[in-house]
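2 protein chains.
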Amino acid sequence: MSLLAVGTLAYDDVYTPYGEVKMIEAGSCTYIAMAATHFVEPVQLVSVIGGDFNDDFLADLERRGADLEGVEVIPDGKSFYWAGRYHDDMMGRDTLDTQLNVLADFAPKLPASYRKTDYIMLGNLTPAVQSSVLDQLEGQPKLIALDTMNFWMDHALEDLKAVLRRIDVLIVNDEEARQLSGELSLLKAAAKIVEMGPKILIIKKGEHGALLFSEDNLFSAPALLLPTVVDPTGAGDTFAGGLMGYLAATDDLSFENLKRAVIYGSAMASFVVEDFGTRRMQTLDREQIDHRVQRFADLMHVAL
Amino acid sequence: MSLLAVGTLAYDDVYTPYGEVKMIEAGSCTYIAMAATHFVEPVQLVSVIGGDFNDDFLADLERRGADLEGVEVIPDGKSFYWAGRYHDDMMGRDTLDTQLNVLADFAPKLPASYRKTDYIMLGNLTPAVQSSVLDQLEGQPKLIALDTMNFWMDHALEDLKAVLRRIDVLIVNDEEARQLSGELSLLKAAAKIVEMGPKILIIKKGEHGALLFSEDNLFSAPALLLPTVVDPTGAGDTFAGGLMGYLAATDDLSFENLKRAVIYGSAMASFVVEDFGTRRMQTLDREQIDHRVQRFADLMHVAL
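Residue numbers (this note's numbering), protein chains in the order written: chain D, 1 to 304; chain R, 1 to 304.
Incorrect hints may have been included.
[Claimed, not checked] Pairwise CB distance ranges (calculated):
(1) R:89 - D:166: 42 to 52 Å
(2) R:52 - D:161: 26 to 36 Å
(3) D:162 - R:226: 31 to 41 Å
[What the hints assert, rightly or not] Residues from chain D that face chain R, not an exhaustive set, calculated with beta carbons under 10 Å:
(4) 188
(5) 191
(6) 249
(7) 299
It is worth saying that the hints were derived from the structure and are not from the lab. Beta carbons: idealized from backbone N, C-alpha and C, even for Gly.
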């Protein structure tokens, strides 16, 4: 199986209590690809970059199993740029700068070889752009997952609702689930969101783990306790990349396998925050991943 | 086995978005006893009340398996009173009134029949009062658990540290664990707290479940998702009562059984918040409890 991933290839400046990095390769598509290629290839990227994007980084992504045919290059443009500073408690962050650059006019065009892909991960983008990707697919994919954020609930709710009707899995955090549904109880929120379209809902709760809702089934995944979180940037995208990479690799949509996919996604997110940017993803091997997944299983095992 | 429980027998006024109750029987000792008597008897109560406390309520507690010999009655005094209003999101609350009344001079005296009890639950009280209970024990109990709060960390830290050196299990919430240890990471916080005395640490995270630390073992228990939380008052005490009641009943301090006890405590807490005060505890039977414990197990079950 292959996975199609839509999102940003970007440059970030990140300041945390543990240090700072400038102009590192980042963006949702980068994190998704870095995580998903540990499980499946090809991961077909759909994104846009300027002439400034690092060729060596792209070549490395390709070696890892990314297909770059869907990455549009605007030679005289600049890549999307974001700068942010995390608070001392690492719970919140302030955006210092955002420059859309080539992302401002991003109109994804799917190469012919991408159009029959069965697993689709729509990273957080303008909902209308997410829809435009679905418009170009031929046939019905096995699973379409979408990430979004409260900004689109505030500014493009109708477009967001339109794309929600076309997807299978929504991945949001608890605050976003509450805003989208207008419900405080996550149980009630899930019921309302499922009525909006996605039959599977995954609610990320950061240091408190993740919840998986599918029909009448519910699963609560813990978070690993980490001594230090160096850089939380991209944790959500890495979770989504690990989850969808695992699902595409195993091609099994049973609830039991969805649960495993949530744990694999959680494990990948627990790695990525250990260092800045995607650094930790680059040195990771499958044995380390499986070992960490086992730690998740041990953490929540109880025999009644 | 029997369980000794120290804490308050009180009257509460509680206002939540779902309604209000006035002058209902409450307090840490009440919640602990109401939960623990579902598992073990006798639950030996150590507390103080005024002549105003409801005799019928006490008689009901006794029928459930509470031993009231250690409850001091000050006939012309008034029982401890607390009034609070929960915020619309139920996450926070404001204290409207606190009247210590007979609690101001509470100096617990253990009846002779209590002094060799093996399981001890010290509810949240002045740390020096908690210590004075331990002073009266004869021999070494099998397990001493203690609940405390940030108020004592601010105002009686040395007394708190003194009693922590004498106990086995500390039960606090995540905010309290961070304050007590000065560590943001709960993993680092746990390591520091264990150095203070308690070899077992339980961190309550409310709607996010609970963490159990014991030596190098770690367990993450989920919270049940509830459609509605009517009244969160006493959830922590009920958790502690269920946990310690289960441990006293099973008399097994293996890590596997500690994990089960955390789940039983969590189940009891998930019931108590469904109605005001201890109402839900009063109608509960063991079949309902075991059924809910199974729901917790299902919620976190994954097969790799």
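Could you tell me which of the hints above the structure violates, numbers in ascending order? 1, 2 and 6
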